[in-house]
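Q: Chain by chain, the residues run as shown.
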Amino acid sequence: MTVIGRAVGQSVRLREAPERVTGRAIYTHDLVLPGMLWGAILRSPHPHAVIRAIDVSPALAMAGVVATLTGEDTADRYLNYGPAFADRYPLARSRVRFVGEEVAAVAAETPALARAAAAAIRVEYEPLPAVFDPAVAVAPGAPQVLHGPKLPWNVAQHTTADWGGVAEGFAAAAHVVEGRFEHGLVAPVCLETNGVVASWDDAAGTMDIWAGTQAPFFARKEVAHLLGVPRERVRLRSVHIGGGFGGKSQSPEPIGICALLARKAGRPVKIVLTRREEFLGGKTDHGKVMHLRSAAAADGTLLARHTDYLVDNGAFTHMGPAYISAVRQRTANLYRVRAAGFDGRLVYTNKVPGGSYRGMGAPQIIWAIETQVDELAERLGKDPLRYRQEIANRPGDVTPQGFRISTCPLVECLEEAGRRIGWEEKRANPKPWRGVGIAAMINPSVGVLYPEGNFANVALTLRADGTFLLGTQAADCGTWQNTVLAQFAAEELDAAVERIDVLHMDTAEAPDDLGSAASRVTFVTGGAAIDAGRRMKAEVAARLAALWAVPAEALEFAGDAVGLPGDNARRLDWPGVAALLGPIRVEGHHVIDLPRADPKTGYGHYAATYGFGAQAAEVEVDPATGHVRVLKVVVVQDMGRVINPAALEGQMHGGIVQGIGMALSEELVLQDGMPVNTSLITYRVPRIFEATEIDCAFIEQPDATGPYGAKAGGEHSINPTVAAIANAVAHATGIRFRRIPITPHRLRDALRRKEARRLDLQPWRRPYNLEVAAVRRLYPAIVFPALKKLGASLQRERPRVTDFDHERPANLAAAIEALNRPGRRAKLIAGGTDLLVGIRQGIYGPDLVVDIAGLAELKGIAVGDDVVRIGAGTTLAEITEDPALHAALPALAEGMELVATQQIRNVATLAGDLCQEKRCWFFRAALPCYKFGGAACPCYAITGDNRHHSVMGAGRCAAPCIADAAPILVALDATVIATDGRRERRIPMERFYRWSGETVLAPGEVMLAVEVPRAGPAQAYEKYAQWRGDFPEASAAVRLRQVGGRLAEARISLGGVAPLPMRPKASEATLLRDGLSDEALRAAAEKVVRGALPLRDNAAKLDMVVAVTERALRRARERLQARPQGEDERGAQE
Amino acid sequence: MHISLQVNGTPHRLEVRGAETLAEVLRDRLGLTGTKIGCNAGECGACTVVLDGRAVCACLVPTPRMDGAAVRTIEGVTPAEGLSPLQQALVEHGAFQCGFCTPGVVMSLTALFDRVRLPSEHEIRVALQGNVCRCSGYVRLIEAAKAAALRLAR
Ligand code: FES
Ligand code: FES
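Residue numbers (my numbering), protein chains in the order written: chain A, 1 to 1134; chain B, 1 to 154.
Bound conformation, chain A alone (with noise of 0.2 Å):
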C-alpha cells in the first residue's frame, strides 16, 4: 500500500535548479542549430491603415538576406483557427489594425543584417481613422476595426445573463452602492520574451519548434495548420522557458511566422523579440471598464449584484472570450449572493490584442467587487472582515451561476488573515496614514474550457537504468509543476523523487495535454501522473506475479523497491525490475468533464471545485508624495491538501508581488494606440525594493475531486492582492479609488481634493505663462492636429544605425580629434548607458563613437580644502564610495546612490548622467515630436499621457531635467570646465544647459571635470521617485551658508519639474528674511512651486515639489546645527 507523505507534502527542491542557477539551463533564446537564420519581423507603425503595396526588394537585395515572408505567403489561414472567433491572419493582409501588428517577416544570416532587412522593407499605407477607447469604438459612427458574428462593428462577444431575479433582488434592498471602475493594460513581462527556433526537414516533410510556449499542444496545432500539414509532422521540443503568466499561452504568432519562414529559407530559423516588441505584439492582459451595483438587505444579505462591462479586446479576438467569462465568475460566485446579472461586451479597439495574464482579469473583477463589500459594510456599520465572514461561501452552497460549492474555508481564512495581520488592533487604533484591507478570493479547480474537456496525458516510462521518465506536454514555465509531477509519480509507485526524471513539452515522446494555463496542471496533469503511477504499478506486477507465479495483488510498492512482503528473494529495487522486465511504457489520463456550461450564459457548474482565500495587506501612505509602500501581506489560502509547500509559497510570493505592481505601478501608456512606455524603467515592474514581507498559511481539508486532496493554485496568489491594498490604502486615506494602478499621481490628486489648502501657484508671475495656457488651451482641437499634419512632410530623419565604428583614443587630444573628424556623426561614449540606449531607439544616429572611458585625463577626485574637482569620467560608483568626497560635498555623494541601479552606477560618469538626453517617453519611443523631428511636429505632452512632465517652465518642449547630478550641482554652485582642445572654458552649472537634455557645449567640446566650491556640509539632496533609482518626479537641492552665526546663503535647486534645474529664487529670498524656523522652511517649500503651470497629469509634481524641498531644507538645516562652534568660516572666506 502507498504510504501518503513520502513524496507529497514534502519541500521537494526544483529540479531544474541545478542547471539554472549555474546558467547551463539552454532556454529558446539561447539555441543555435547548424545553419540557422535569424528572423525579424517589420511590424506596423499605424494603429489602422490600408496596406497598399508591400515591396519586399530591398531587402532580398542585401547580401546574406535569405527569405522574406508577407501575408501573401500565408494562404488563406487564420491564426488561432480552432475557436469560432478566429480573425486573424499571422502576418497582416490589406490592412493593419495596431501599432505593433506583423507586417512582414525576413531570415537572414545575423540578427543585425535581418534587423537591418527588416526595416529595408517599403510598406505603402493609407492611415485609417483608428479607435482606442471601447466606449467610443460601441458608439455610432466609430471607426470600424471588426465585428463578431451578427454583431455590431466593434463588437467580439456581447452576453447578458440574469439569474435569481436581479430587479426584484434590487427592488428588495436596504442599500444599494454603485461605481464605475476601469484599468487600462497590463502585460505579463516575462523577464524572457517570446522566442522561437524552427527547423523543416524538406525530405521528411517534418518541422520542430522550440518555443517558450506555455501549451505545446495548442502551438502544434496551429503551426500544422499554417503549414498545411498534419498535426503529427510537427514536433515541439523541450527548453526551459523563462517565464509564462499566461503570456506564453496559446500560440504567439512568432512561432507561426518562424516556422513558415523556415521552410520557405529551407534552413532553421530562429526569432527573439526585443523588450519593445514584446510590449508592442506580445499581448497583454485586457483593459476593462466595469459598472458594477450590489444591493444588501438591512441584515447585510446581498440580494443581487450586476455587472455592467466593456471588455478592451484590441484588434483580434485571442483570449478575448475567456476573459468575459472568467470576469463574469466572479461577479455571481464570490461571497453568497441571491442574484447576478451581467451583460458583458467584448470590444474591438486598434489596440494590442488582449491575451491573458495571470488571474484573467480576476484581480481587478474582485478590487471592483471587494471595494463595494467594503462600502457596504461601512453602512451597515458592520466591520468589514466580519461582515465578510457573514456573506462568506459555505460548503454546500450553490451560487447562482450553479457553481456547487463543496470544501470552502472562506470563513476560516478570512479569520486566520485577520488574525495574522493584527486587524482588531489595526482597525481598532489606526495608526495615522497607515491601513489594513481585507479581500477573498473564487478560483476554479480546474475549469472545463474545451469541447474536449480539460484532459490531461503523460507518458511514465521505466528506463533500462531503474530510474523513469515522465513525459509531459504541459510547459513548465518556472512554476515548479514538473517537480510536483514527479512528486505525484513518485508518492504512487512510493519511488524516490529523484528516480523521476520529467521531460516537458515534447510532443513527440508525450501524448497530448493542454499545457499549463488556467491552474490546471498539478490539478488535472496531476490527476495523470497519479494515474500513470498505477499503470506502471499494475503492468509491473502482473509481469513481475507471471514470472514469480504469485497473484498480483500480493506484490507491494514501498521503500523504493517492489516484492513479496516478507520474502527477500522475491524483492526488486527499481534497476532490479528494469534489467528483469527491460523498458516499460505507461500513459496516464486524467479529465475533468463536466456537462459543458451554457454557451450563451455560461450557466452552470463547471469545475470539479473551488479554491478560495483571504489575503489582507497593511499599507503606509506617504501623504506629501502620494506614494504608498506595502509593509506586509498575509495570504490564507484553501489549497485542499499542499504537495509541495516550498514550490506553492513560491506562487505566493510571486503572484503577490506581481499584484503589488498591478495595484500600483503597472499600466502600458499608450499614444494613438502606440505603447511608449515599453521599457522596464518606464513600464514599472516591481523591483527588490518593492518586495514586502509575506506571510502565507494554507487550510488543508482535502478535496475529493483533486490529486491527494489538491486544488489548483497558480493564479490564486495574485487574485486577491489589489483588492487587499486597495481597501488598506482606503483605510489609511479614506479614499477609494475607481482607476488602478493606484499611481502617487492619481493618490495625490485625490488627497488633494480633500484637503482645504491649496499651494499657492501665481501663474501670473511668468508673462509668459498666459501665452502657454493659451496655445494649450488651443492645442487638442487645433495645434496638435495642424502640427502632426505639417510635421509628417517636414520632419527631420534621424539616421537610425544598426553598426557604428568604435574608437579609443590613447589620450584626449585624439580623443577630440575624432570627436571632431570631418564628414563624420560622431559621439563620445563613456558609462553608454544612455548613447547606446538611444542609438537602439533612434534618438542617436552616430557613425563613430569615441570611447573616453578611460582616459585618465576625466578620471579622478581630488578634495581639496577649498574646492573639490571631479573628472567628467569618474563614474557614480566611484563618487558615491569616496569618504573624502562625502564629507565634503554629502549632498552629492548621497544624491548620486539614487542613480539607476548598482550596475549602471558601475559604469555611467558624472558627465554621463549631466549630458544624457531627456527621458520624456514620447520621445524616447522615437515619435516625431518638436525635438525628435524638428520645428514642424507638435508636442505630444500636451495632449498625451504627461504625468512625468514639466510642472513649470516648460514651451514647446515639457521634458523635465531628470539629471539628478543637475540640480545638486547647481545649487553647490559647482563649475562645468570644458574643452575644444584649444581653449578650456568654465561654465557656470547655472548656465550649462539650454533645455532639457540639451547643453551649452559646442558639439566638438569635451567635459573635463567639474568644480564645486566646499562651502560646509548643511547641503542636501532630496528626491521622490515611485522606485529606487528612477528618474526624479521632483527633486531639490539645498545649500545652506551662516556666517557670524547668521544665515548668508540658501540656494535651493530643484530636479524633475522643469526643463532646466530650477532655481526658486523666491523660497531663497524666504529663508535669508526669516530665517530658519520651521515656518520659514515650509513657506520657503511651498514658495517653489510659485509661477508652475502644470499640464493634466502632473499636479502631483507640485506637492512632490514642496515636499522634497522641505525635507531637503530641514536636512541642510540639521546638518547646519550639527556643525560645531566656528565652523562656518570656511564658508565665509569664500
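Honestly, I wouldn't trust all of these hints.
Coverage of chain A stretches by chain B, computed from C-beta distances (three or more under 8 Å per stretch; other residues unrestricted) [to be verified]: (1) 8-18; (2) 651-657; (3) 673-681; (4) 745-751; (5) 796-804; (6) 902-910.
Everything labelled a hint here was simulated from the structure, so no lab data went into it.
The beta carbon of each residue, even a glycine, is placed where N, CA and C say it ideally should be.
With chain A held as given, fit chain B with the ligands onto it using these hints.
A: Same frame as chain A, but now just chain B with the ligands:
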C-alpha cells in the same frame, strides 16, 4: 576590429564590430549563454557580468573596449563539479523559479560579496535593485543572499 579578451581566465582573440556588445559576443560568439538578455537596455540585470570586480550590464558594454580586459561570467563562478556556496544557498532557499534572472543575480551578489564581507540586508537590496525577477517576489532571494553571506563570511 581585433581584440583579445579574457573570459573566466581563458584568452580569446576576436574580430568584432563596433556595435557588438559584450553580451552578444559572450552568447553568440563564445557560446557562453549563461549570460541572458532580458531587455538589452541596462534595465533588467539578466546580463550582469563582473568586470574589474564590479557588476555591469553586458548589454551596455561595447566589445571593442574589452581589448585587454578580463571578464567573469556565470560560467566562471560555477565550479566544475557541484555548486558554489552562493548557488547552493539560492537552490536551498528556492530563491528562483524560471531561472532566467538567476545568473545575473548570482553575478550581482558575487560582486557584492567580493567587496563587502558581511553585507546588510539593505546592501543586498541595493546590489540587487538592478536585477528584475518577475517570478519569485524577491522574498526568498533576500533570504538566500543573507544566508550565503553568512556562510561565506565564516
Ligand atoms: S539585458 Fe542587459 S540589463 Fe537587461
Ligand atoms: S525566476 Fe523567473 S525571473 Fe527570476
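Q: Would you mind marking each hint as holding or not holding in the structure?
A: Structure-based check of each hint:
1. 8-18: holds (count 6)
2. 651-657: holds (count 6)
3. 673-681: The restraint on the segment 673-681 of chain A holds, since 3 of its residues have a Cβ under 8 Å from chain B and three suffice.
4. 745-751: violated (count 0)
5. 796-804: n = 4 at 8 Å, threshold three: holds.
6. 902-910: That given contact holds, which follows from 5 residues of the segment 902-910 of chain A lying within Cβ reach (below 8 Å) of chain B.
Hint 4 from the earlier list is the only one contradicted by this structure; the remaining hints agree with it.
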